[in-house]
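Undergrad: My request is simple: use the sequences and hints to build the entire structure.
There are 2 protein chains.
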Amino acid sequence: MAGTVTLEAIREAAARIQGEVKRTPVMTSRGFNERSGVEAFLKCENLQTSGSFKIRGATNFVRSLTAEQLAKGVVAFSSGNHAQAVATAARKAGAKATVVMPLDAPKAKVEATRDQGATIVQYDRLKDDREAIGRKISEDTGATLIPPYDHPMTVIGQGTCGLELMEEVPDLDAIVVCTGGGGLLSGCATAARGIRSDVRVFGVEPELANDWYLSMQAGKPVAVDPSSTIADGLRTPQPGKVTFPIVQELVEGILLVSEQEIKDTVKYLISRLKIVAEPSGAAAAAAVLYGKLPAGIKRVGITISGGNVDWDLLQKF
Amino acid sequence: MAGTVTLEAIREAAARIQGEVKRTPVMTSRGFNERSGVEAFLKCENLQTSGSFKIRGATNFVRSLTAEQLAKGVVAFSSGNHAQAVATAARKAGAKATVVMPLDAPKAKVEATRDQGATIVQYDRLKDDREAIGRKISEDTGATLIPPYDHPMTVIGQGTCGLELMEEVPDLDAIVVCTGGGGLLSGCATAARGIRSDVRVFGVEPELANDWYLSMQAGKPVAVDPSSTIADGLRTPQPGKVTFPIVQELVEGILLVSEQEIKDTVKYLISRLKIVAEPSGAAAAAAVLYGKLPAGIKRVGITISGGNVDWDLLQKF
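Protein chains in written order, with our numbering: chain B, 4 to 320; chain F, 4 to 320.
Quick caveat, the hints were computed from the structure, so don't treat them as lab data.
All of these numbers come straight from a predicted model, not from anything done at the bench.
Do not take every clue at face value.
Note that identical chains are pooled: a pair holds if it fits in a single copy or bridges any two copies.
Stated by the list, open to error - When the alpha-carbon atoms are kept at most 20 Å apart in a straight line, the in silico EDC-like pairs for lysine to aspartate or glutamate are as follows:
#	residue 1	residue 2
1	K270	E114
2	K75	E134
3	K130	E170
4	K270	D313
5	K301	E142
6	K25	E37
7	K95	E37
8	K95	E114
9	K112	E37
10	K75	D143
11	K75	D132
12	K25	E42
13	K295	E171
14	K301	E171
15	K95	E42
16	K301	D127
17	K99	E11
18	K244	E170
19	K295	E255
20	K266	D313
21	K130	E42
TA: Here is the structure:
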């Protein structure tokens, strides 16, 4: 199950995960269009099973395992959406999941993951190495490690989001996708430009976690400390090894959004579109609302990548 | 354009409003099912154009007018969703709309209505008679008055919501619909039971606005003071003349929900389903979540009737 990230592989993944993953709605809004000056099509992965697009990659990965592999279970490390996604995909496939989460992970996310039947192994974010813990569990039990973004099967699964968007709105000028590790961005870019090579693709990240922006400028992966952004799903320190070359080839540019723009967009989506996006999930919409796209782009597909935000956090916006 | 409320009329309305009104998604949630003990299908009218189902009746009404009538404009009185709906339907049909709103209407709703190009006439809720103001404008200008619920064309339009739900999930055991004036409930009941006479239909209202509950018991419309419920869309003092007999014939019972159950459901839908429902819009879901349905009902269609809630109000939940 090595896999190369191609449109064909993404189409196969779409067939593989059908019925396990929702075909999420694409929303339009006159108010959003008037305010942003573009015609926007919002792909609502916040309404996805497990609350984010991560279920696509996790399901594609799990459904590609052999019966023997499944019997030994899967393991993942994540404090957020990937944890829930792997737990959900494993439960649906009848496999045991172990998820390595930090001791200070949001209680709601720990509970949602446990609620899916996963075993939680907690670690100290300051002292322990979560990757080492994950690898050790994998070595001891034979469980398959499911990487959150830096693996072709994960990227191919996330690409089904872009495939659905292009199927529903074939004549887009551009798609705008948030990027943490780059799984969603590289997958969607492969799908969109595979279908129509003239579609322009943009990544979005917070100004406070601008590793992709710097890496694209430098022509090689550059690391930053992303810990201070509110967009917890985009707090990866640097681009992935699998994802970076794909983004370098297919993505026109990385747009940066401020913390305030992210928060105001979360609020706007709740007030006007009646949907709840987590800060990471609102970043791409923020880039479009706050005019970060080059001029002349009219029809724009935007991923709302997730909706797992704590009520308490919303109260502070 | 008198119109009798029948399944056939609702089917004609569906064709009439197609392209003007969204076919809203039907959401499912494993968490909701586990908590409620039923298999729930949520018809998301909160994601509808203008933020509620009211656009269905308003559009059906406006699109049934002659060119001569349209040229004279339309008028409506409403502090809430019907105002926005009529303003939106009129704008799309190229007709002038005048909306009579109370001086103390939520600023956001007044602005959203004006934003659609409507002329706002404000009145003092304690001194003035809004119906008299609306009728006078109609008499003076020839504008057609569009009633918020108590007219066959309005009811027939709202019925398209039930039609879509039954088309998408044909094998429902029951549908659960909130009721203020009864437009959505009577329309959906006509559609659902017209398609399958064994579908059970339940209305839902707040304990603090239980006019339908009392009216069904009394066998005739009974008035209450509904002003204290948080569900502002359900604050009608008594059932409508057109809607009451339909509900009496087709609806099995009226379920009552507490203020706390409504608020907790709004919070639950935001936290778990990532959708924003206004208190009125969450009432039907609250009835199902809090076990108000008779035992033995398995597959349940639920209308989430609207999402127009102020951010400030949400902060208080």
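Undergrad: If the cutoff is 20 Å on CA atoms, where do K95 and E42 land: within, between, both or neither? Let me know, please.
TA: between (37 Å within a copy, 18 Å between copies)
Undergrad: I want to check one pair: K25 and E37. Are their C-alpha atoms no more than 20 Å apart within a copy, between two copies, both, or neither?
TA: The answer is between: 18 Å across copies meets 20 Å, while 29 Å in one copy does not.
Undergrad: Tell me, please, which holds for K270 and D313 at an alpha-carbon limit of 20 Å: within, between, both or neither?
TA: The answer is both: 14 Å in one copy and 11 Å across copies each meet 20 Å.
Undergrad: Using 20 Å as the alpha-carbon threshold, which applies to K270 and E114: within, between, both, or neither?
TA: between (25 Å within a copy, 17 Å between copies)
Undergrad: For the identical chains here, do K301 and E171 meet the 20 Å Cα criterion within one copy, between copies, both, or neither?
TA: within (16 Å within a copy, 33 Å between copies)
Undergrad: Is the C-alpha distance from K95 to E37 at most 20 Å within one copy, between copies, in both cases, or in neither?
TA: between (42 Å within a copy, 15 Å between copies)
Undergrad: Is it within, between, both, or neither for K244 and E170, if the alpha carbons may be no more than 20 Å apart?
TA: neither (29 Å within a copy, 47 Å between copies)
Undergrad: When no copy is specified for K25 and E42, does a C-alpha distance of 20 Å or less occur within a copy, between copies, both, or neither?
TA: between (24 Å within a copy, 16 Å between copies)
Undergrad: Could you place K75 and D143 in one of the four classes (within, between, both, neither) given a Cα distance threshold of 20 Å?
TA: Within one copy only: 10 Å inside, 79 Å across.
Undergrad: Regarding K130 and E42, is the shortest C-alpha distance of 20 Å or less found within a copy, between copies, in both, or in neither?
TA: neither (48 Å within a copy, 45 Å between copies)
Undergrad: Go through the copies and call it for K130 and E170: within, between, both or neither, with a Cα cutoff of 20 Å.
TA: neither (46 Å within a copy, 56 Å between copies)
Undergrad: Measure nothing new, just compare the shortest in-copy and cross-copy C-alpha distances for K75 and E134 to 20 Å and report within, between, both or neither.
TA: This pair counts as within: shortest intra-copy Cα distance 19 Å, inter-copy 70 Å.
Checked against the numbered hints above, the structure breaks hints 3, 5, 11, 13, 16, 17, 18 and 21 and satisfies the rest.
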